[in-house]
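Residue numbers (the working numbering), protein chains in the order written: chain A, 1 to 278; chain B, 1001 to 1116; chain C, 2001 to 2130.
Mixed in with the good hints there might be a few duds.
BS3-like mimics (lysine-lysine), calculated; alpha carbons at most 27 angstroms apart, straight line [what the hints assert, rightly or not]:
#1 248/A <-> 133/A
#2 248/A <-> 2091/C
#3 2100/C <-> 248/A
#4 2091/C <-> 59/A
#5 2095/C <-> 248/A
#6 133/A <-> 1004/B
#7 2100/C <-> 59/A
Honestly, the hints are just simulated from the structure, not real lab data.
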Amino acid sequence: MTIPATDNTSETAPSKSEAGITLEILRYIPGTHSEPTFQRFEIPYVEDWSMLDALGYIKDELDSSLSYRWSCRMAVCGSCGMMFDGVPKLACETFLRDYYPRPIRVEPLENFGIERDLVIDQEPFLEKLESVKPYIIDAMANAPSGKPGAPAGHERETIQAGENRQTPKELALFDQYSMCINCLLCYSACPQFGLNPAFLGPAAISLAHRYNQDNRDQGNADRAPALNEEDGVWSCTFVGYCSEVCPKSVDPASAIQQEKVRGATDWALSWLLPKGAR
Amino acid sequence: MRWKHHEPFFWSLFGAGGVISAFCVPVMVLLTGFLLPLHLLPEAAYNYESLHALAQNLWVKGAILVIVALSLWHCAHRIFHGLHDVGVSTGPLARTLTYGLAGLSSLALLILLLTL
Amino acid sequence: MRQSPYHRPRDPFWYMRRSVYRRYMVREATSVFIGLWMLNLILGILQLSRGEAAWTAWLTWQQHPLMLTFSGLTLIMAMVHTTTWFAIAPKAMPKFIAGKAVVHQQVVIGHWLVFGLVSLFLLVAVYWGA
C-alpha cells in the first residue's frame, strides 16, 4: 500500500515503514456538512498503535479539524467508544493490527445523535442515569450505633456512629455491576434502544441494579419508578449483545433480567398487599 | 408505587411458558409430530378408545392445559415484541391478535378438556 | 448556542446487519412455529373429542408430507428455543441461592439434565405404559 507523499512526510511520524493502512472516518461538522460523509485517511501502519494513536496521528499530522473524545488511554474513563467496522469498541484498546491490511471504517457510536465527527450526544443518557439515582441512599439507616451493647438503630446516624461493614458475599452481589465506566458501547449494541430512544438502557439499569443490590443502600423504592416504567426494564427483549460488547464484563443483560424479576415481584405485591402498605 | 401498565404480568407468564416449553416441546413434537403419524408408537396409541380414555385422565388434562396455555402465551409475547422489532405497530390490534389469540385458544382448550 | 445533534436515519432491516441480531431473530421466530404447532395440537384434541372418524382424519393429515415438514421445522425450532433459553436462564437468577453462589455453567448443565429426564420419562411412559 502506498502512502500519499503529503500525508506522511512529517518528522514526527514514528514509523517510516513502507506499510500503510486506510481509515474511513465518518465526518460531520455542523454548519459545514449537511450530513455525515466518509473521509479516507492514509496513515502509516504501526503494529502497536491503538485506534486512539491512529486518530491522534490524523489530528496532529493530517487534519486538525477531526473531533473525538478520549482521555485515559487505558479503558478506564469510557470516553473513546466508537464503531469500528460496525462494532462498538473502545478506541484505546482496539488495535490497527487486528484489521491490517484491510481499511477500517470508523463511525461514531450507533443509536446516538452526532454532535461532531466521532463525538456523540450523551445528554439523553445522562438524564437517564440521573433518573435511577446511581448513588447510595441513606447509607447509615442500618448502621450499628457504634456503642458496644447498643441496639442497632434504624434512625439516621452520622458517620461517626460506626463503620458500615460489608461481607465479601454482600460485595459480590453488586461488585461486577460497579465496574461500568459509562462508555455507552452497550447502548450502541442494543437494538431496542435504537428502536425506542426512550428505553432506559443497559448501563443505567446495570447501575441501578448495582445500588439496589448494595446492602448499605436503602433506595430501591426511589429507583423503582424509572425501572418499572414501560420504557424501563420492560423494553428489553434480551438480545444480549450489550453484554458481549461490554469492555468491563458488567453483563448488563443479567442486571436487566434480575431487575425484571424484582419488578414482577413489586407488581405482584401491589395486588396482594393492602393499599396502605404498598 | 402505582403501576400504569401490567407488563410484569405478561412477562411473568412469558417466562413460565418459556421454561415449560423449553423442557417439554421437543419431546412432545417428537411424539405427536413424528412417532405418532409414522406409526412408530405401541399399538395401543392407535386404539381410539384407549387414547380417548387417556385424555380423560385428570392429570393428563391438567398437564396438557398448563403446557399448551403457557407455551401459547410465551409465543404470543415473543410475536408481539417481534412485531415491534420489525417495525409493525404495537398498538391494541397487535396485542389483541397475539395475547388475545393465545388467551382465547387456551380458553377453548379448557372448555374442550372439561367436556372431553 | 448548541446545535441540535445530527440523527442518522434508522435502518428498518437492522436485524439483518449483524449475526448476533440474525440469531436473535431466529430465536424469536421459534415462537411462530411452536405457537402454530400448539394450535394444531388443540385441533387434534378437538378431533379426538369428536369421535374416531374425526380423530383418524386428523392423524392422516399429520402424515401428509407438508405436515411432516412442518413438524420437522418445529422440532428444530423447539430445540433452538430450548438451547437459547437454557443458555440465558442463569442470567435471570440471583447471584446467590440459599447462601450458595450460582455457577452459570452448572445451571445450564442442570437444565439439560432435567430436559433429558423429562424427555426420557415421557418416552418411557408412552412405550411402557401403553
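TODO: Taking the numbered hints from earlier one at a time, note which ones the structure violates and give those numbers from smallest to largest.
DONE: Of the numbered hints, 4, 7 do not hold.
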